[in-house]
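Peer 1: Listed below, chain by chain, are the residues.
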Amino acid sequence: MSDAALPAIAAAGAEEVLESPARRALRRLIKRKGAVIGLAVLSLFIALAVFAPLISPYDAIATSWSLVRKPPSALHWFGTDELGRDILARVIYGARASLLAGLISVTLAMSIGVPLGLLAGYRGGLVDALISRMTDAMLACPFLILAIALAAFLGPSLGNAMIAIGVSATPVFIRLTRAQVMGVKVEDYVEAARSIGNPPWRIALVHILPNILPALLVQATLSIAAAIIAEAALSFLGLGQQPPAPSWGSMLNAAQRFLTNAPWMAIWPGLAIFLVVLSLNLVGDGLRDALDPRER
Amino acid sequence: MLNFLARRIAQLIPTLFFVSLLIFSLQHLLPGDPALVMAGEEHDPAVIAQIRKQYRLDRPIPVQYVYWIKGVLSGDFGESLRIKVPVRDLIAQKLPVTLQLAAMAIVIAFLIGIPAGIISAVKKGTAWDYGANLFALWGISTPNFWLGIMLIFFFSIKLGWLPASGFVPLTENWRASLASTIMPAFVLGNAIAAILMRHTRSAMLQVLESDYVRTARAKGLSERSVILKHAMRNALTPVITLGALELGTLLSGAVLTEQIFTIPGFGKLIVDAVFNRDYAVVQGVVLVTATIYITLNLIADIAYILVNPRLRG
Numbered sequence: 001m002s003d004a005a006l007p008a009i010a011a012a013g014a015e016e017v018l019e020s021p022a023r024r025a026l027r028r029l030i031k032r033k034g035a036v037i038g039l040a041v042l043s044l045f046i047a048l049a050v051f052a053p054l055i056s057p058y059d060a061i062a063t064s065w066s067l068v069r070k071p072p073s074a075l076h077w078f079g080t081d082e083l084g085r086d087i088l089a090r091v092i093y094g095a096r097a098s099l100l101a102g103l104i105s106v107t108l109a110m111s112i113g114v115p116l117g118l119l120a121g122y123r124g125g126l127v128d129a130l131i132s133r134m135t136d137a138m139l140a141c142p143f144l145i146l147a148i149a150l151a152a153f154l155g156p157s158l159g160n161a162m163i164a165i166g167v168s169a170t171p172v173f174i175r176l177t178r179a180q181v182m183g184v185k186v187e188d189y190v191e192a193a194r195s196i197g198n199p200p201w202r203i204a205l206v207h208i209l210p211n212i213l214p215a216l217l218v219q220a221t222l223s224i225a226a227a228i229i230a231e232a233a234l235s236f237l238g239l240g241q242q243p244p245a246p247s248w249g250s251m252l253n254a255a256q257r258f259l260t261n262a263p264w265m266a267i268w269p270g271l272a273i274f275l276v277v278l279s280l281n282l283v284g285d286g287l288r289d290a291l292d293p294r295e296r
Numbered sequence: 001m002l003n004f005l006a007r008r009i010a011q012l013i014p015t016l017f018f019v020s021l022l023i024f025s026l027q028h029l030l031p032g033d034p035a036l037v038m039a040g041e042e043h044d045p046a047v048i049a050q051i052r053k054q055y056r057l058d059r060p061i062p063v064q065y066v067y068w069i070k071g072v073l074s075g076d077f078g079e080s081l082r083i084k085v086p087v088r089d090l091i092a093q094k095l096p097v098t099l100q101l102a103a104m105a106i107v108i109a110f111l112i113g114i115p116a117g118i119i120s121a122v123k124k125g126t127a128w129d130y131g132a133n134l135f136a137l138w139g140i141s142t143p144n145f146w147l148g149i150m151l152i153f154f155f156s157i158k159l160g161w162l163p164a165s166g167f168v169p170l171t172e173n174w175r176a177s178l179a180s181t182i183m184p185a186f187v188l189g190n191a192i193a194a195i196l197m198r199h200t201r202s203a204m205l206q207v208l209e210s211d212y213v214r215t216a217r218a219k220g221l222s223e224r225s226v227i228l229k230h231a232m233r234n235a236l237t238p239v240i241t242l243g244a245l246e247l248g249t250l251l252s253g254a255v256l257t258e259q260i261f262t263i264p265g266f267g268k269l270i271v272d273a274v275f276n277r278d279y280a281v282v283q284g285v286v287l288v289t290a291t292i293y294i295t296l297n298l299i300a301d302i303a304y305i306l307v308n309p310r311l312r313g
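In order, the protein sequence lines correspond to chains A and B. Just so we're aligned, residue 1 is where the first sequence starts under my numbering, counting upward by one. Just so we're aligned, residue 1 is where the second sequence starts under my numbering, counting upward by one.
Because the hints were derived from the structure by calculation, they are not lab data. Mixed in with the good hints, there may be bad ones.
[To be verified] DSBU-like, lysine-lysine: derived pairs with alpha carbons at most 35 Å apart:
hint: 1; chain 1: B; residue 1: Lys53; chain 2: A; residue 2: Lys31
hint: 2; chain 1: A; residue 1: Lys31; chain 2: B; residue 2: Lys123
hint: 3; chain 1: A; residue 1: Lys70; chain 2: B; residue 2: Lys53
hint: 4; chain 1: B; residue 1: Lys123; chain 2: A; residue 2: Lys33
hint: 5; chain 1: B; residue 1: Lys84; chain 2: B; residue 2: Lys123
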């Protein structure tokens, strides 16, 4: 190797060292085709949800008796439903309920689960035993059954469905945070922070939390996917978004009754759920690989 | 081994206590007076007072819990408010239907997931591998209620091959039983097949790089023998225990699948109970589901120890 090549290698190494973890993760993420496709599809659905009033060709709740169950056509690309409403408009507006439910319920789950997991993992002892047994108890009740039971007891509405899904998704975040904290709290830098007299809350929030964020981020992405399916399931059962407001789950419920005469009613909302969940899973898988230190 | 068992069972007691507490408190989450909800259309104060007395709703909540848990421990889950049948009898009647469905789903999941995972690992980087990974992504991302509706559309409405709804017990007519459960079982098993495929693939990849597989190859054994006799046996141990755990997930999935295919099982029981505000049934079903899940966890742990001699100590 020539001497001239050495500074170049050294410079490349220095660049690698200087690169922030977030930047490195992003660089690795965009190298993964699946994750990039996932991000693109997800961005499209987010744009649909945000700009629904501008994009939607028709009013999503306007009924028309002359347009009942019309197959897809140039005027109504996805066809119309049992009340003559445009299915494309309802799929576009339905993105709002689904994405909002995914985001809000996971935010709720994280805002309860992460502090409890930090507390259990960092304090240990009786607090940990108590939180862990409660978490075990919640995890023992299958996710959807717990969400259905909670949604039923709270009453059917999109808001209550989000609370029910959020509460049901909380134990996963408690357990994950606790496990991550247990691994990180014995690291030298946490020991050093403790030895200079930092209070426990500061160590947990400033020194531990940023280091367990990557794992939480991956879980959050996958949990949003699960929450979107759960919201659609609850709406399908009549426990989520209430009619006439559009929701992919309730659209599928209505479609089931007209499967013989109007199969298009079932295709589009289901495909929308599938695409959003698929793209979140692709992004989640990509993030997991991009944030994995062994992949460096 | 005995020590491990004792410790593991001792851990179950506080978990089961919290589960019972969680399920009991569900009823008290409801805003308003449960007696009023139970009374339904009836507004006579004497009737409401009678309900309150009958269900001990006039007693403090901890006392109500003690009465409830005493009943549960003696096998008395209360009575369905709507159809006035003991919850225990309802569960005994519906659980076998869901268990038959779950067993079929698990068989389908293993039959698809494990061969797909093995082929994907052995042929890593080829079209087979990409195909298997795509299948797994599809399985994980497809909402099972949509898949159910689409299968009914193709196989029942378009082709007329399979019944769209209903259930025939296996003991009554095995052909009709298989025809009525194959679609719902596939819907339930499909997502688990995808999860099993991913686990099998990663376990196989790890095992294929291990020293003993290299040794087996160096001895000149055929690739078929290396994979089927040496690698697969070790890779599948954790996957099989994982499969047992997925049975719990199946109970969750059964809620929607049974609703779509109108199967009178456990899932349909809970949905009907939820809509009729039949608290005792909801509590009984959730409690039984949680207990099944916890028991499966325990069995999976024990099985894992039994098949892995290094963990026996």
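Peer 1: Run every hint past the structure and note whether it holds.
Peer 2: Outcome of the hint check:
1. B/Lys53 <-> A/Lys31: 67 Å, violated
2. A/Lys31 <-> B/Lys123: 23 Å, holds
3. A/Lys70 <-> B/Lys53: Judged against 35 Å, a Cα distance of about 56 Å means the pair is violated.
4. B/Lys123 <-> A/Lys33: Since the Cα atoms of B/Lys123 and A/Lys33 sit roughly 21 Å apart, the hinted pair holds (cutoff 35 Å).
5. B/Lys84 <-> B/Lys123: 58 Å, violated
In the structure shown, a violation is registered for the earlier hints numbered 1, 3, 5, in ascending order.
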